[in-house]
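Q: These are the residues of each chain, in order.
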Amino acid sequence: MFIEKEIGSNLREEFIDITHTVRDAVVESGIMNGIITIFVPHTTAGITINENADPDVRTDIIHGLSSFGFDSMDFRHVEGNSSAHIKSTLTGSSVTVILKDGELVLGTWQGIYFCEYDGPRRRKIQIKISGS
Amino acid sequence: MFIEKEIGSNLREEFIDITHTVRDAVVESGIMNGIITIFVPHTTAGITINENADPDVRTDIIHGLSSFGFDSMDFRHVEGNSSAHIKSTLTGSSVTVILKDGELVLGTWQGIYFCEYDGPRRRKIQIKISGS
Amino acid sequence: MFIEKEIGSNLREEFIDITHTVRDAVVESGIMNGIITIFVPHTTAGITINENADPDVRTDIIHGLSSFGFDSMDFRHVEGNSSAHIKSTLTGSSVTVILKDGELVLGTWQGIYFCEYDGPRRRKIQIKISGS
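Chains as they are written, first to last, in the numbering used here: chain A, 1000 to 1131; chain B, 1000 to 1131; chain C, 1000 to 1131.
Treat the hints as calculated values from the structure; they're not laboratory data. Treat the hints with caution; some may be incorrect.
Any copy will do: because identical chains look the same in the list, a pair fits if it lies in one copy or spans two.
Calculated lysine-lysine pairs in the DSS-like style (CA-CA distance at most 27 Å, straight line) [unchecked claim]: (1) Lys-1004 with Lys-1123; (2) Lys-1004 with Lys-1099; (3) Lys-1123 with Lys-1099.
This one's a predicted model, so the numbers in the text were calculated from it and none came from an experiment.
Go ahead and model the full structure; you've got the sequences and the hints to work with.
A: Following this line, the structure appears as structure tokens:
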């Protein structure tokens, strides 16, 4: 089962909670056990799993990545968003989550986040649920 | 087949070889061909595949990540472990390994490592073997 | 369906486009829908998905990772390539791509890149296509 969802970012850099979007896709699929691939079809964004309780953690991760100083480095790519491309590669373009008895197998403090590094923009996520 | 295993870390930062744990799960499953998802349900830990011969390589990776200076940066999250959360996102929460004829398809020098960034603690890993 | 391909790198650090290699493997498999795992069995290389249009982006990513300064740090591993091992962990050892109606589900600007961090060398990539 393949499901595509649209999301919108509001800031240049922002981690957007998409855990509920993935849960909705699982319900829509009717699949109970397997694995879920959540894929980001963009090269200036990423996806990660991290803390879902204190929103300061997402702010701190964005701050930590900014400390690399990519925004003030000289790059060749003329669009001026090489910083976002590098962060995309460091974060990754997909996450895999295990599906068991109809539930995402996530730790208590884990949520799934779309990582916007070059917003605000309209974005897509693609969800593939494999199993039965 | 879904299998959960417990592991314990002994240091604040430590890469723990879990290759044998994954191999045991494969034998337990009886599955011969497919893919294996190894997932870490924690937000201050990660998982990676790297050199299995010289243990200095793991020490060097921990040292390399520490050179980012997250430990001495000012963060908002009051628990004081934002450094571990950022390293978790940089490393990733799962790895995928191909299973062929009952064997993990790993390079000669590759092992699978649980990355502890905020230990010592009791931890879990979740293993999903998809295939037949 | 499991397919192994050989590639060669020509530089010490280089991102090599393997999108067409993965497409060829999909055609060879005859599988139309599922997921594709592309795995790198090396510990001084990685794999990523990023911009396929302007080759300057790949140069910029390599430059961004070099700015971490691993090449001039003191490490314990005597082979002198700890920098490549760390970049391997930061980039990751596999990517997952969704396969739909016989086509890779990639964004318009996305290509799949083998990340050489310790070349030039002969290298392998392993492709597993799961589905039907």
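Q: Evaluate each hint against the coordinates.
A: Each hint, compared with the structure:
For the homomeric pair Lys-1004 and Lys-1123, the shortest alpha-carbon distance inside one copy (6 Å) is at most 27 Å, but the shortest distance between copies (31 Å) is not. Taking identical chains as interchangeable, the C-alpha atoms of Lys-1004 and Lys-1099 lie at most 27 Å apart whether they share a chain (22 Å) or sit on different chains (16 Å). In this homomeric assembly, Lys-1123 and Lys-1099 come within 27 Å of each other (Cα to Cα) both inside a single copy, at 25 Å, and across copies, at 16 Å.
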